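> Start from the sequences and build out the full structure, keeping to the hints where you can.
Protein chains: 2
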Amino acid sequence: MILPPHKTSFHAQHSAIGAHSSFTLGMHGAPGGLALEKGSPANGAVYVGTMVDDKITVMPFFEHMNNSEIARFDHQNQPETCHDALTVLSSEEITRDYRFASDHFISEGIHFEVISSFGPLPDPSQNNNTINKRAACPCVFARLTVDNSQGSQTKTALFALGEHGCPMPIQEPGHFTGFLFGNGDLGFATDADVYPLQCFDLSKAKKPDGTPLVPRFGGSYGFMMDVPAGECKTMDISLATYRSGKATLGLEMPYWYTRYFSDLHEVLEYALHNKEWYFDQAAQRDAELDASPLNDSQKFLIAHASHSYYGSTQWFEESGKPFWNVNEGEYRMHNTFDLTVDMLFYEMIYSPWTVKNVLETFITRYSYYDRVRLPGYNKTYPGGISFTHDMGNHNNFSPKGYSSYEISGIDRRCFSYMTHEQLVNWICCTGVYMSQTKDESFLTRHLNTVKDCYTSMINRDHPYPSKRNGVMNCESSRCHGGGEITTYDSLDTSLGQARNNLYLAVKSWAAYLALAELFKQADETTLSKEATASAKLCAATVTSKWDDELGYIPAVFENDNQSAIIPAIEGLVFPKVMGLNDAIDPEGPYGEFIATLKRHFEAVFRPGICLYPDKGWKLSSTADNSWMSKICLSQYVARAVLGIDFGDEQAAHDEAHMDWQIFGSTFNACSDQFSSGKAMASLYYPRIVTNILWMSE
Amino acid sequence: MILPPHKTSFHAQHSAIGAHSSFTLGMHGAPGGLALEKGSPANGAVYVGTMVDDKITVMPFFEHMNNSEIARFDHQNQPETCHDALTVLSSEEITRDYRFASDHFISEGIHFEVISSFGPLPDPSQNNNTINKRAACPCVFARLTVDNSQGSQTKTALFALGEHGCPMPIQEPGHFTGFLFGNGDLGFATDADVYPLQCFDLSKAKKPDGTPLVPRFGGSYGFMMDVPAGECKTMDISLATYRSGKATLGLEMPYWYTRYFSDLHEVLEYALHNKEWYFDQAAQRDAELDASPLNDSQKFLIAHASHSYYGSTQWFEESGKPFWNVNEGEYRMHNTFDLTVDMLFYEMIYSPWTVKNVLETFITRYSYYDRVRLPGYNKTYPGGISFTHDMGNHNNFSPKGYSSYEISGIDRRCFSYMTHEQLVNWICCTGVYMSQTKDESFLTRHLNTVKDCYTSMINRDHPYPSKRNGVMNCESSRCHGGGEITTYDSLDTSLGQARNNLYLAVKSWAAYLALAELFKQADETTLSKEATASAKLCAATVTSKWDDELGYIPAVFENDNQSAIIPAIEGLVFPKVMGLNDAIDPEGPYGEFIATLKRHFEAVFRPGICLYPDKGWKLSSTADNSWMSKICLSQYVARAVLGIDFGDEQAAHDEAHMDWQIFGSTFNACSDQFSSGKAMASLYYPRIVTNILWMSE
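These protein sequences, in sequence, are chains A and B.
Everything in the first sequence is counted per this note's numbering, starting at 1 for the first residue and increasing by one.
Everything in the second sequence is counted per this note's numbering, starting at 1 for the first residue and increasing by one.
Please note that the accuracy of each hint is not assured.
With a Cα cut of at most 20 Å, we get these calculated SDA-like pairs of lysine to any residue [unchecked claim]:
| # | chain 1 | residue 1 | chain 2 | residue 2 |
| --- | --- | --- | --- | --- |
| 1 | B | Lys-206 | A | Arg-413 |
| 2 | B | Lys-321 | B | Asn-128 |
| 3 | A | Lys-204 | B | Ile-410 |
| 4 | A | Lys-467 | A | Glu-530 |
| 5 | A | Lys-206 | B | Ser-408 |
| 6 | A | Lys-233 | A | Ala-192 |
| 7 | B | Lys-206 | A | Ile-410 |
| 8 | B | Lys-246 | A | Arg-259 |
| 9 | A | Lys-451 | A | Thr-364 |
| 10 | B | Lys-38 | A | Ala-71 |
| 11 | A | Lys-204 | A | His-64 |
| 12 | A | Lys-7 | A | Ser-91 |
Just a sample of chain A residues kept apart from chain B, beta carbon distances all over 10 Å, derived [said to hold, decoys possible]:
| # | residue |
| --- | --- |
| 13 | Pro-465 |
| 14 | Asn-559 |
| 15 | Leu-642 |
None of these hints come from the bench; they were simulated from the model.
From a predicted model like this one, the values you see are computed outputs, not experimental measurements.
Beta carbons: idealized from backbone N, C-alpha and C, even for Gly.
Quick look at the structure:
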C-alpha cells in the first residue's frame, strides 16, 4: 500500500529465505544495508539516486557523516566534508509503497524497488533439483529505474553501498559487474551495462575518465549507468550472502544452499539469470495482499511481519537432510519453541514441511524427561516428556536435551524453565500439523511421543489423579526448587508464572483437545476419550475461576491475583485452525467455557484495563509490556472464534499498532515487545507473522 | 623491562605468526581482546582477577559500562549497573613488565602474563611436519597465577572475555575447557582444573551452585579456578583464531595452518599440549632483548614494534606452497612494498625465506613494464620493469600487475604511482637477500629480472644516456601525465615527490650498488661495471647538490626547494647490511658523497629544523609528520654508518619516541605516523620492526 507521507521513514528487512541475512533499509538518516547473521540492521550506507554532471542526488538511506575515510590515509589533504556535498531527497519528495514481497521508493524520475520474493517453499524431498535450487538461492533484488524521457541531458543512475568494508570488485564487462565483501560472504551484482564505482566517499564519485582502472580502495562502491535524455532505463541488482562450510557448532551444519552453489559469485549470477521468476513470484504475493479485504494498517502489519520473519530464517543441511531453524530476532536463539507455535500458522501455509522438520528435531534432540514437585514440597513424582525452550543461540547448538536459555534454581523469573508450556506447544503444533496435512506416517512414527506427552500433561496436573483439575499444578524437577514460567517471561506474574495460569490453562485445554484428536486419528479410542475428559476437566476448572466480584477471570488462580489478561483467549486458536468446530461452538460441548471466555474478554477489553489510550491493545492490566505477535493472535481469536465485531474501532486499533511499529520501532523493523507504543525488547523479530491468520478470516 | 608506573597504560598486540590476529590489551579502561583480520584493537573486554566470596577484583582491561546486556531480555528486572559492582585495580596497583615476547601485569597476589612466542620461522620446504606444524600454530597464551600462600580463605582466579559475541562452550572435564566464538573462528581454552563461567555481565559471575548446567547465554565467559588458602596455582590459557577454507579473493588461498589443523578446537588443544615449547622460545627472546646493551626506551621500542608486526602477518597457502603476506596495519594492504623494504632487516633475521617468497610474488604477479615521460612533455620513451605498491587489501588480491593503491592521473599526491621507488625497493631487497643468504639458485632464476631492473633504472634517469645523472628524472606512463610519489605519500613535496628527490636519489645509489653486486655474483662483469658507474654518477649528482647558502642539500633538486630532510641518509643502510664496507668508508670510493651526507645530517639535525622540542626526530623541516619506522632507520644509519655519537642526548631521543608510542598511540599499540608526538595515521602498524637493526650495532 502507498503509505501516508509522514509514515514513510522506517526500516524494513528484505531477506532471502533461510539465509539469516537482510538487506535492511527505509529509515531516513539511519545506517542500514546488507548483513549476514546479525540480529539488527547493518551498520552501513545505501546510496540510491542520480548524478547529473557533478551533482549527486540520493535517497536518505544513510547516516550523515562529516568526515571522510580518506583522512586516515592523507591527513594533510583532507577533502571537504563528505555527505555535505550530496543532495539528499527529503521525506516529502519520496513516496513509499510497502508491499508483501517488495518495497518501493518513488521520487521524481526515480523508482527504486527492493524485491524479497517468497511463496510456498517446496519440500526438498519432493522436488527436482531445479526447483530446489531456485528455492534455496540466498538472494534478494533491487531494481533502480531512472526515467529521463523528459530530460535534456544525460542522467547517471547510481546504486552503491558504503561502510560495508573493503570489497573485491569483479568485472566481466557487459555481463556481470559486482562487489564481494565481508570475507567474501556478502555481495551484490548487476547484469546491466554499468561502470563500476569505488571511492572513499560518495561525494567523490565520478565517471571514469578513461584511465585503465578505477581505484581498488575506498569503502563506497557500486554502479553507475548512463540514461541518455529521452530514455528510461532499469538496473537490476542481485544482493546475496553466502557462508561456506560448517556454519554452526555443537551440531555442525553447512547452509542448505551450499549444495547448489559453490560460492557467492555463482549465487549472484544465478539470481540475475533467473530474476524474472523471482519477480513474478513476488508480484503474486503483492497482488494477494493487495486484493485481501483487510484495511491498510492490517496489510501493513502483515507485510511488515513477513519481511522480518525471513531475516530470521536459517536453512541448514544436517547429514544430507534439511534442518530448519528460525532465529529469535535480536536474540538469535534457535527455534525458540514458544515462537514456533505462534509462527506455525504462517509456516503451515508456506512450508508445512519445516513445521514437521522442527517438531522432529525437538523429538530427537531437544526433548527430555523429568520428575515433578508440588510447590512448597521437596518430594518428587513422575513427570514426563517435555521439550527445550530453544536449541541454542548464535549458531551454537546446545547439547542434547538442553536449551541455551533455561537456568535451574530461578523461581518464576526470566530464564527459568518453561517445561509445561513447551510440552503444550509441541502438542498444539503437532495437532495443527496433523489436522492440516493428514501426514499419517508422521503420526505413526511418533505415536509413542504423543502418548508420552499425554502422560506428561496429566502428571504435571497433579501426582494423585483424584486431585487433578486439568490445570498445571506441579513444577519440573529441572527448576531445582524454583518455579516455571511461560513465554511471557519478561512480564509480571499475570502472564509470567506458568502454574495455575489462565493463559496456559486455556492453552492446555487446547492441547488436550489436540491429543484427543491425534489419538482418534491413530485409532487410540480409549486414550482419545481420556484426553477429552482431561479437556473437559480443564474447561470446567477455568470456567469455575470466574470471579463475580472482579467481573472476569483472574490471571493466576492463586495468591489472590487480580490481573486481567487478554491472552486468556489465545489458546482457542488451535481448535479453530484444526477445524474442531464443535469445541469452539457456543452451543457445543464446551459452550459454557467459550461463553465465559468471551465474557472475560469483553470485560477486560476496556480503556484503563487492557486498552491503551491510543487504542493499542494491552495484554495485561498489570504490565506495560504488550507483545505485537500476541495482540495479533488474540485479535484473530476474538473475531474468528468469539465472533466479536470491533466495528469502527477496528481500524483505530490497527492504526495504533501500525504506528507502534513505524514510530516505536523505526530502526528495528518489525518488533514484538512494546511498552506504551515503544519497542524495547524482542526487536527485529520474526514472531509477528502469526497475523497471517487475518488473511483467512 | 619494568615500566615506570605512569607508563603502564597502553595497548600491545599479542599475536600468533601469520594468523593476522591479535589479543590486544594493556590500555586501562579501554576495549580490547581477541580479534581476527582487524586493523584495530578488538572491541571487547578482558577480565583478569580474583573472586573472594562475592567480591570480584579485576585488572582495568575493559571499557566501563553502566548497563547490562540482560536488560535486552528482561527489562522489568534490570540489575544494578554492571561494572560498578567490580573492584577495578588502579594503575598504582599494577606493575607492568613489557618484554620482547611477553607482557606481564603484576599486582598483589596476581601475576598475569601474555606470551606471544616467536623465533626463527622455519622454511617449510626444509623441515619436517612436526617443526612446521609447531611454527604454523595460530596461537598465543595467557597465564594467570594467583598466589594465595599467605591467605586465610580460598581465592578464585578469574579469566574471562566480554563483548566478544555469544560463544559455544566446550567442556571436557579435567582436560579441556573452552569457548569458541565469532563464527567459531576465535576461541580460548585451558587445561587447568576450572569451572566454566558464563553470564550476562561479570558482576553476576558466581561459582556453580550444583545445578547441572551453567547458563549458555550471556556475553561474558571464561574460567574460574579455586586457589585454597596456603596455595599458589597457575592457569594456562591458549587463545587462537582459525579461519577455514578459502580466506582470500582475487587470488584464492586458505591459511597455511589449515594444512596442519582441521579446526579451532584442534589448535587450542595442540597449543596447550605443546605450551612448554612456546614458553621456552618466548623466554629466549625475552632474555636476548634483556641482555642487549640498549637502553630501556630502545628495548621498549624494539619489543613494541615486534608485538605489532606479528599482528599484521598472514601466512597463506597457494597451490600447495607458502604465500607470505604482511598487512599494512590499519589499512590492511597486502605486502606494501615500501614497508617490505623496511621490515626486511627483521625478516632477514627471523624468516629469510619469507623475503624470497615476497620478492618472487612481486616478480610473478605484481610486476609490470611501462614507458616513461619527461616532465612537461607528452612524448614517451622506453621505461621498463617495476613493481606494484601493494598486492591488494582486506584479503582481496588485486589483478596481476596492479596494486589496490595506485591511481593514474594524480600529480604527486597521495595515491599516485610509486613506480621508481618500488623498483629501487625490489633491487635493494634482492641485494640484501643475496648478500646474506648466497642463494645462488634464486639469482640464477631471476637474473633476467635483475637485468631488466637495471635497464628500467637508467631509462627512468633520462631517455638520452648523455643526459643521465644517476637520479630519477622521468615519470611513469602509468601516471597518465601526473607525477610519481614516494612511500612518504602523505608528507609534503620534501619527501613526497619522487622525481629529483634527495631521499630517493640516495636510495637509487644504493640500488645501483646492489645491482653491481648482484651482477658480480652472477659473473656479469660488464653489467657490474656499468651499474657501478651509475652509482658513481648518482653519488656525484647528490654531492653536487650541496647548497652552501642553505648549509645542507635541499630535499628536492628543483623548483628552488629548501626543505631539510633526515632521510637523505636512509639509503646508506643497504650497503651497510650488504657488507659493502668500501662503499660507506669515508676514505673509500664514495668518500666525498658519504662525508657530504654526514655534513648534511649534522646540519639539519637541530632544534627547529629536524628536531622537535621534546627531542623527538622530525623527518622533514617542512612537515609535521614524522614516521617512527623511518626515524629508527635513520638513527641506525647515523650511528652505524656515519659514526655519529649522540652521547647523553641519545637517551632523551629514545625516551621521546617511547613516549610518543605510550602517550600518543595509547589505544593503537605501535603506530608509525606522528604529528608532534600524536599518532594520527598508519596506526597499529608493522613497519617499525626496522629498529631490529639496533640490536646488531
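> Confirm or reject each hint.
A quick look at each hint next to the structure:
A C-alpha spacing of about 18 Å is found between B/Lys-206 and A/Arg-413, which places the hinted pair at or below 20 Å, so the restraint holds. Taken as a hint, the B/Lys-321 and B/Asn-128 pair is honoured in the structure, with Cα atoms around 15 Å apart against an allowance of 20 Å. For the given pair, A/Lys-204 sits about 14 Å from B/Ile-410 by alpha-carbon distance, which is consistent with the 20 Å threshold. Restraint check: the Cα-Cα separation between A/Lys-467 and A/Glu-530 comes to about 16 Å, which is no more than 20 Å; the hinted pair holds.
Only pairs whose Cα atoms come within 20 Å are accepted, and A/Lys-206 paired with B/Ser-408 is accepted, the gap being roughly 14 Å. Between the alpha carbons of A/Lys-233 and A/Ala-192 the distance comes to roughly 10 Å, so the proposed pair stays at or under 20 Å and holds. With a C-alpha separation of about 15 Å, the suggested pair B/Lys-206 and A/Ile-410 falls inside the 20 Å cut-off, and the hint holds. The hinted pair formed by B/Lys-246 and A/Arg-259 meets the criterion: a straight-line CA distance of about 17 Å does not exceed 20 Å.
For the hint linking A/Lys-451 to A/Thr-364, the alpha-carbon distance of about 16 Å falls within 20 Å, and the restraint holds. With a C-alpha separation of about 19 Å, the suggested pairing of B/Lys-38 with A/Ala-71 holds against the 20 Å cut-off. With a C-alpha separation of about 15 Å, the suggested pairing of A/Lys-204 with A/His-64 holds against the 20 Å cut-off. For the proposed pair A/Lys-7 and A/Ser-91, the alpha carbon gap of about 9 Å is at most 20 Å, so the pair holds.
Separation of A/Pro-465 from chain B is adequate, the least Cβ-Cβ distance of about 30 Å exceeding the 10 Å criterion. In this structure A/Asn-559 is separated from chain B by more than 10 Å, as the shortest Cβ-Cβ distance comes to about 18 Å. Chain B leaves A/Leu-642 outside its interface by the beta-carbon criterion, the shortest separation being 30 Å against a cut-off of 10 Å.
Consistency with the previously given hints is maintained throughout, with no hint failing.
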